[in-house]
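With the hints as constraints, model all of the structure from the sequences given.
Just so you know, the protein sequences line up as chains D and V, in that order.
Here the first sequence is numbered in our numbering, starting from 1 and rising by one per residue.
Here the second sequence is numbered in our numbering, starting from 513 and rising by one per residue.
Honestly, the hints are just simulated from the structure, not real lab data.
Listed below are the simulated BS3-like cross-link pairs for lysine-lysine, each with C-alpha atoms no more than 25 Å apart in a straight line:
id, chain 1, residue 1, chain 2, residue 2
1, D, K267, D, K305
2, D, K305, V, K653
3, D, K268, V, K653
4, V, K653, D, K267
5, D, K267, V, K651
6, V, K651, D, K268
7, D, K11, D, K220
8, D, K329, D, K316
9, D, K123, D, K77
10, D, K305, V, K651
Label pairs and their computed distance ranges (CB to CB):
id, chain 1, residue 1, chain 2, residue 2, range
11, V, R707, D, L97, 50 to 58 Å
12, V, V654, D, G95, 20 to 28 Å
13, V, F524, D, K378, 28 to 36 Å
14, V, V654, D, K118, 32 to 40 Å
15, V, R827, D, R377, 55 to 63 Å
16, D, V307, V, L669, 44 to 52 Å
17, D, N263, V, V657, 38 to 46 Å
18, V, F524, D, R377, 21 to 29 Å
19, V, V657, D, F17, 33 to 41 Å
Given the structure is predicted, the values throughout are model-derived calculations rather than measurements.
C-beta atoms are modelled at their ideal positions from N, C-alpha and C, and glycine is treated no differently.
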Amino acid sequence: MNNSDIVLRLKDITRSFGSLVANDRVSFDLRRGEILALLGENGAGKTTLMNIIFGHYVADQGEVEVFNRVLPPGSPKAAIAAGIGMVHQHFTLAGNLSVLENILIGTRSLISPQSGEKAARKKIMELSEKYGLQVDTAALVRDLSIGEKQRVEILKVLYRDARILILDEPTAVLTPHEIGNLFNTLRRFVSQGLAIIFISHKMNEIMEISDSVVVLRQGKVTSRVRTAGTTIHELAKAMVGSVITIREREPLKPGERVLEFRNLSLKKGLEDVSLSVRSHEILGIAGVSGNGQVELADVISGLLKPVRGVFLVHGKPVPAPSPIEMLSKGVGRIPEDRIQDGLIGDMSVWENLGLENYRDYSPFGLLRLKALRDNGRKLVKEFDVRCQSIFQPARLLSGGNIQKLILARVLSPHPGIILANQPCWGLDIAAAAFVGNRLLQARERGAGVILISEDLEEVMGLSDRIQVIFEGRLSDSMRPEEVTPEELGLLMTGHVNITANHNFDREFEYAS
Amino acid sequence: MRLEPREHSSIFLNLGAPVFAVLAGLAVCSIMVWLAGAPAGKALVLIFRGALGSKFAISETLTRTTPLIFCGLAAAVAFRAKLWNIGAEGQLYMGAVAATLVGTGLVDFPGYLLIPLVFAAGALAGGILLLGPALLKTKLKVDEVVTTLLLNFIVLLFVNWLVFGPWKDPMALGWPQARPILDAAILGKLIPRTRLHSGLLISLAIAVIVWAFMRFTRWGLETRAVGANVRAARFSGIPVNRTIVRTALISGGLAGMAGVCELTGVRDYLTLDLSPGFGYTGIVVAMLAGLHPLGVILASFFISVIYIGADSMTRQLGITRYIADVNTAVCLLTMLTTMLLTRYRIRLK
Numbered sequence: 001m002n003n004s005d006i007v008l009r010l011k012d013i014t015r016s017f018g019s020l021v022a023n024d025r026v027s028f029d030l031r032r033g034e035i036l037a038l039l040g041e042n043g044a045g046k047t048t049l050m051n052i053i054f055g056h057y058v059a060d061q062g063e064v065e066v067f068n069r070v071l072p073p074g075s076p077k078a079a080i081a082a083g084i085g086m087v088h089q090h091f092t093l094a095g096n097l098s099v100l101e102n103i104l105i106g107t108r109s110l111i112s113p114q115s116g117e118k119a120a121r122k123k124i125m126e127l128s129e130k131y132g133l134q135v136d137t138a139a140l141v142r143d144l145s146i147g148e149k150q151r152v153e154i155l156k157v158l159y160r161d162a163r164i165l166i167l168d169e170p171t172a173v174l175t176p177h178e179i180g181n182l183f184n185t186l187r188r189f190v191s192q193g194l195a196i197i198f199i200s201h202k203m204n205e206i207m208e209i210s211d212s213v214v215v216l217r218q219g220k221v222t223s224r225v226r227t228a229g230t231t232i233h234e235l236a237k238a239m240v241g242s243v244i245t246i247r248e249r250e251p252l253k254p255g256e257r258v259l260e261f262r263n264l265s266l267k268k269g270l271e272d273v274s275l276s277v278r279s280h281e282i283l284g285i286a287g288v289s290g291n292g293q294v295e296l297a298d299v300i301s302g303l304l305k306p307v308r309g310v311f312l313v314h315g316k317p318v319p320a321p322s323p324i325e326m327l328s329k330g331v332g333r334i335p336e337d338r339i340q341d342g343l344i345g346d347m348s349v350w351e352n353l354g355l356e357n358y359r360d361y362s363p364f365g366l367l368r369l370k371a372l373r374d375n376g377r378k379l380v381k382e383f384d385v386r387c388q389s390i391f392q393p394a395r396l397l398s399g400g401n402i403q404k405l406i407l408a409r410v411l412s413p414h415p416g417i418i419l420a421n422q423p424c425w426g427l428d429i430a431a432a433a434f435v436g437n438r439l440l441q442a443r444e445r446g447a448g449v450i451l452i453s454e455d456l457e458e459v460m461g462l463s464d465r466i467q468v469i470f471e472g473r474l475s476d477s478m479r480p481e482e483v484t485p486e487e488l489g490l491l492m493t494g495h496v497n498i499t500a501n502h503n504f505d506r507e508f509e510y511a512s
Numbered sequence: 513m514r515l516e517p518r519e520h521s522s523i524f525l526n527l528g529a530p531v532f533a534v535l536a537g538l539a540v541c542s543i544m545v546w547l548a549g550a551p552a553g554k555a556l557v558l559i560f561r562g563a564l565g566s567k568f569a570i571s572e573t574l575t576r577t578t579p580l581i582f583c584g585l586a587a588a589v590a591f592r593a594k595l596w597n598i599g600a601e602g603q604l605y606m607g608a609v610a611a612t613l614v615g616t617g618l619v620d621f622p623g624y625l626l627i628p629l630v631f632a633a634g635a636l637a638g639g640i641l642l643l644g645p646a647l648l649k650t651k652l653k654v655d656e657v658v659t660t661l662l663l664n665f666i667v668l669l670f671v672n673w674l675v676f677g678p679w680k681d682p683m684a685l686g687w688p689q690a691r692p693i694l695d696a697a698i699l700g701k702l703i704p705r706t707r708l709h710s711g712l713l714i715s716l717a718i719a720v721i722v723w724a725f726m727r728f729t730r731w732g733l734e735t736r737a738v739g740a741n742v743r744a745a746r747f748s749g750i751p752v753n754r755t756i757v758r759t760a761l762i763s764g765g766l767a768g769m770a771g772v773c774e775l776t777g778v779r780d781y782l783t784l785d786l787s788p789g790f791g792y793t794g795i796v797v798a799m800l801a802g803l804h805p806l807g808v809i810l811a812s813f814f815i816s817v818i819y820i821g822a823d824s825m826t827r828q829l830g831i832t833r834y835i836a837d838v839n840t841a842v843c844l845l846t847m848l849t850t851m852l853l854t855r856y857r858i859r860l861k
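Put into structure tokens, the structure is as follows:
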């Protein structure tokens, strides 16, 4: 290979935010036809680096070269024109516009007399066929599942003729089958001369798809190797500096049924669903997003009212759940959308920590500020929420720390029932292990946990029983030892039919 | 040039924003004066002398500050909950109507009972007027900007009907005004032979109470939470609709008190020119104060200085009075811009 193969070159990129050095002299090259995996924990500086490449941030030092030309810093427009396309982890789509409109945003001249939609639709259809990215261009984006939205994001980038693709944790939302498809797509991209930066924490995926790996830790490159010449173990060490242990799921005898759905249906989204969770038990709900998980979680969170069937908490029916009622019944809820539902970004860390229990700290309606803040300080310490002070606005926390804050708020009152909706989504290994360990601890303490996740590894590792959700229906429950990921994958994608389940009376033999 | 979010916005920055807005407002004002053909430097001096140069000037400025504090608080509280109450003007008039109803002879109480009563009646009337838009917002998702704004005109026409019709004072020589309120309900003067009345003290006390309410009470926390992220507030069990309705009652009540204050402190009787747009100016005051209840006091004072000072300045220099309105408008616009800049920084290239 010679220099002309290099499509993207980073030279000594340094960027600090106040006292924090997010990127410290980061340099590496990306070659034509290469898939480069960028590995690193949350807060390691991956997102900052990508934002610099894409022109959202300006580097304090260093420069970005694309096709041997220095990219003008701070201009996303120049980055797009140079052929860089970015698929963000948090989607940047407008929900009330159609797929087509979302793809076209920013590509059209404001004063063009023709809409150009016809040609655009044709181009999109060609692209989606060529790379196997099926979407309905007329559908509204808000009606799409997370997986479909990702496809739109990728198409949006392809539509702008990107030659360097940056994918920020693209597999986090996909099923094993879909991941396989995505990987085939990515291979097709690189065989046609595109280059890809693939950001992920999942070691096995990195080993499978990438040609080379760059590992970031605390803003510095700690490893830059050919994938073929390294091992998962080496990468993990370069990433975290030490080895993380995940707690064993001890065999426990489940106790009382704490939460039950009996043939529960909603107006839309759930059809004749039954489930039951007992104390000392984690029930995993596996499935591709957009198959009723949101609705299921909303019922347990107290945001949606079932139209048929019975919803029981601690054996008592709850005909019209509300968030406050669920809280008072001891249901801890970890929301899927951390930033929208879990956090009030403009309020301080301590206020966010007190969001569900401030009522206990306000005799006669007056807040006991000192007690609330002390409680905040205690929780920040106990759950290792990294912040400068508890008075800091919560929006300044990193993704992993936001989740720790939510965990602290939800788990500290020791709820008897816990709903964990995609609790590890987008978290790095260390943070995900932290979440998993906390859920296992709660289970040992006697809580019944409902774990909704698209990550099969996570569901199979943590759950005592698993039910698969597909098109608003739940399968019978299975023990993780009894099924393979492939079987679950078939259920998740509807290749094996799910009939209405009636297994809430089915007992399992547990080793005591 | 582009905007980049700031990780921190320091206290210095947050306090600097309104100061900068004020300076920018004065600068634009000076340019206007200069364009009108008068010396800008002298105009600035005249503004401050006209507003603060004598006991009488100060008393006039403070008299004007009082209703602005109430209206500024009304907007600040509502905007905190993202309840866009543009109807303080109407609520002010409803407050005055209720005070007239109670204070012109419906009951014959001594002052220490009657004054609290008229204030309570006015606050209630203002609150109830905003209750409609609040319920329409929570039940039917009707945009409160439209409903509150349009209610202003309905209320003004209602007052118009009252003072020309059933409430017209037969002793007023045909002027469209209601009967004067009882002497017992009239607020005492703070400085004899000026218009400055004890309503100023009430407004200051109320500002402190509102500040404490937002900061130290459960309802205050709920109000702020609903405004900052309504989805997370609902998820965490905060009764969102109840909070909005409660905030509406408080906000409308504060604006209603502005009307009572003008009536019992300055005018003594209900007319159609009770307020020269205090309700609308209250929005500028609230924004200039960064929605902080104690900041509202300073912002009201400043706006009042500009109005009173510009009045006197324009009279002396013989230029148009609208300079004061332009100045407040510029202050609002620069404040909105600088508030953006407290959260974002500009990067050149």
